[in-house]
Amino acid sequence: MNTALRGLMAGLVLSTGAIASAQDNRGLELRMGEGNWPVWRGTSAGEASLNTGNMMYPGGGGLEGFLAAVITHGLILHSSRAAMRNEQQAKADQVLNPHRSAIDGFTPERLLVAASEKLAPAERQSAQVLELRPSYTLSADERTLALDNAIRVQSPQGAPQDRIVRVLAPPLQVVDPSAHWQQHQGQALQQQAATMLAHSIQLILSIPAAATEGEPTRTLRYRTGSGETMERGKLLATGCDRIVMETLRGWVLSAPRMDAKPEACAAQPYAFEAVAVTAAAATPAPRPAAAAADPAASPAAPAGQVTPPH
Amino acid sequence: MHFHVRVWTLLITALMLLSGCATPRQESISLSADFFKTGSGKIGIAMPDAPKPDTFFPGADCLLCIAAASVNHRSLTNEVQTWPTDEFQSLKHEIQALLKAQGQQVVLIDEPLKLKDLPDRKSAAPGQARKDFSSLQQRNGIDRLLVIQLLHSGVQRNHSAYFPTGPAMATLRAEAYLVDLPTHQLAWHETVDQSRNADGNWDEGPKFPGLTNAYFQILELSKDQIKKPFIAP
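These protein sequence lines are chains Y and Z, in that order.
By the count of our numbering, the first sequence reaches residue 310 at its end, each step adding exactly one.
By the count of our numbering, the second sequence reaches residue 233 at its end, each step adding exactly one.
Careful: at least some of the hints might be erroneous.
To be verified - Straight-line Cα separation of at most 20 Å, SDA-like style, residue types lysine to any residue; simulated pairs:
#1 Z:K207 with Y:R218
#2 Z:K228 with Y:T229
#3 Z:K228 with Y:M230
#4 Y:K234 with Z:E87
#5 Z:K223 with Y:E228
#6 Z:K223 with Y:M230
#7 Z:K207 with Y:R249
#8 Z:K223 with Y:R218
#9 Z:K223 with Y:M258
#10 Y:K234 with Z:E220
#11 Z:K227 with Y:M258
#12 Y:K234 with Y:A210
#13 Y:K261 with Y:E273
#14 Z:K207 with Y:E213
#15 Z:K227 with Y:M230
#16 Z:K207 with Y:T217
#17 Y:K234 with Z:P84
#18 Y:K234 with Z:K207
#19 Z:K207 with Y:E215
#20 Y:K234 with Z:T85
#21 Y:K234 with Z:T82
#22 Z:K114 with Z:H93
#23 Z:K207 with Y:R163
#24 Z:K228 with Z:F88
#25 Y:K234 with Z:D86
#26 Z:K223 with Y:T229
#27 Y:K91 with Z:G200
#28 Z:K207 with Y:I164
#29 Z:K227 with Y:T229
It is worth saying that the hints were derived from the structure and are not from the lab.
Looking at chain Y on its own, in the form it has when it is part of the complex (with noise of 0.2 Å):
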């Protein structure tokens, strides 16, 4: 276990929970927002075409009955949306079943752990305290896993900051992804899960929020299970199999390129280099004073910290 590995163990078992610790130079703190566990969903069908048929309205009972009516109406409406919407998900949450074993024992510590275990040394010297709010979402053919997670990024100066990153790991090639994702015990699954929230803290970490304010939008092509989709909005990063924009929504999507060979990628799927950058987006991510100067001159310093979740 490396010096950054037992900096990391003794923040997970030492840490208290408290924010104060993007003020004191501790490195890193990760831990995880309210609800504690990572949200595990399947992808629900369109919610969309629930449409119900056209209501007369009653002639008689003058303004008053025609006002209830129209009321009525609507509350029939939202209530038939709403019902259709839950079944819908129910139905779509059962792809998941096959793998509750493995979702229900890791942990959010172990999930912290897992994706902290993969964050370089420099980003675990990072003075801010992310807090995250991880889901994830697994596709009906179960190819195709995506990660959207909702982040507190509290930085040492500022107020604190929400960003989302939606994540979408490489379609799965294989004959039976299910067996695939159940393989020992489930491991493929929580170590795809850990990869991408690791991959989506390092995003947070290297981008800034508006680094490309001014710059026009454009829609750009990626990768799904089934094909190819495609968003509007500005090209943030690029890698082998990699492109990261930021949505109109102004969240950081980081998806599977269209024009990647996946094969020739399979080290560092994630792996990615900032385009476009502003004189903001330049300037490197804040370090604590003295890791900054020189990491190695504090060793004292845990290199990085969970915080369990409370």
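Place chain Z on chain Y using the hints.
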């Protein structure tokens, strides 16, 4: 004043859509596999001006219903009307490049095609152009004409009288066809009818990023659909 104009515009649009139903819809015609081997002469590419994106409320079919839908979606309408169509209009340049890659001689007709100014071909049989493009043939020295037309685009939200029955969704309708000018026979005809929901919540005024994204997605998909027959195998 603006409100009245909006209501009348919606009514006129509805009437135009209804009257459009009286004209038999042109079925799709596939481009023959040997079109680029057997065809000769120059291909002109022309596009009419694209109508500005707008909002549509099918099912809000009484005067008060239209007025209510219009008022309820005023902020959305204001945003939708700022959406650009120039990326669709750039199709003529993209198809020009594709045709040239197939060894075709292409004439790009820069000025917007004014279909209303062209005479109708009242005796046009199914599978033939309904407009007389002879004047373009003479003026541009072309033998075939590719017409690409954005018919409408924007956002549609279905209603049941006063109430929306679903989320607002981006919508786009376009038509593209290739006319053999000496005979006015259609060598290819494609109708594009795309609609898509916002990913997640759609009601995120004032900028409506989910719907804006869906609009650009279907715009790109529509372009893909139109370009497909011209991509070299």
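Now the hints, each set against the structure:
1. Z:K207 with Y:R218: Answer holds: K207 of chain Z to R218 of chain Y is near 16 Å, not above 20 Å.
2. Z:K228 with Y:T229: holds, 16 Å
3. Z:K228 with Y:M230: holds, 17 Å
4. Y:K234 with Z:E87: holds, 16 Å
5. Z:K223 with Y:E228: Distance ~15 Å between K223 of chain Z and E228 of chain Y Cα, so the pair holds.
6. Z:K223 with Y:M230: holds, 13 Å
7. Z:K207 with Y:R249: holds, 9 Å
8. Z:K223 with Y:R218: holds, 15 Å
9. Z:K223 with Y:M258: OK: K223 of chain Z and M258 of chain Y at ~17 Å, within 20 Å.
10. Y:K234 with Z:E220: holds, 16 Å
11. Z:K227 with Y:M258: holds, 18 Å
12. Y:K234 with Y:A210: Roughly 11 Å separates the two Cα atoms, so the pair holds.
13. Y:K261 with Y:E273: holds, 17 Å
14. Z:K207 with Y:E213: Holds, at roughly 16 Å.
15. Z:K227 with Y:M230: holds, 17 Å
16. Z:K207 with Y:T217: The given pair, whose Cα atoms are some 14 Å apart, holds under the 20 Å limit.
17. Y:K234 with Z:P84: holds, 17 Å
18. Y:K234 with Z:K207: holds, 16 Å
19. Z:K207 with Y:E215: holds, 17 Å
20. Y:K234 with Z:T85: holds, 19 Å
21. Y:K234 with Z:T82: holds, 19 Å
22. Z:K114 with Z:H93: Since the Cα atoms of K114 of chain Z and H93 of chain Z sit roughly 19 Å apart, the hinted pair holds (cutoff 20 Å).
23. Z:K207 with Y:R163: Judged against 20 Å, a Cα distance of about 18 Å means the pair holds.
24. Z:K228 with Z:F88: Cα-Cα ~15 Å, so holds.
25. Y:K234 with Z:D86: It holds: about 18 Å lies between the C-alpha atoms, which stays within 20 Å.
26. Z:K223 with Y:T229: holds, 14 Å
27. Y:K91 with Z:G200: holds, 18 Å
28. Z:K207 with Y:I164: Roughly 18 Å between the alpha carbons, so the hint for K207 of chain Z and I164 of chain Y holds.
29. Z:K227 with Y:T229: Cα-Cα ~17 Å, so holds.
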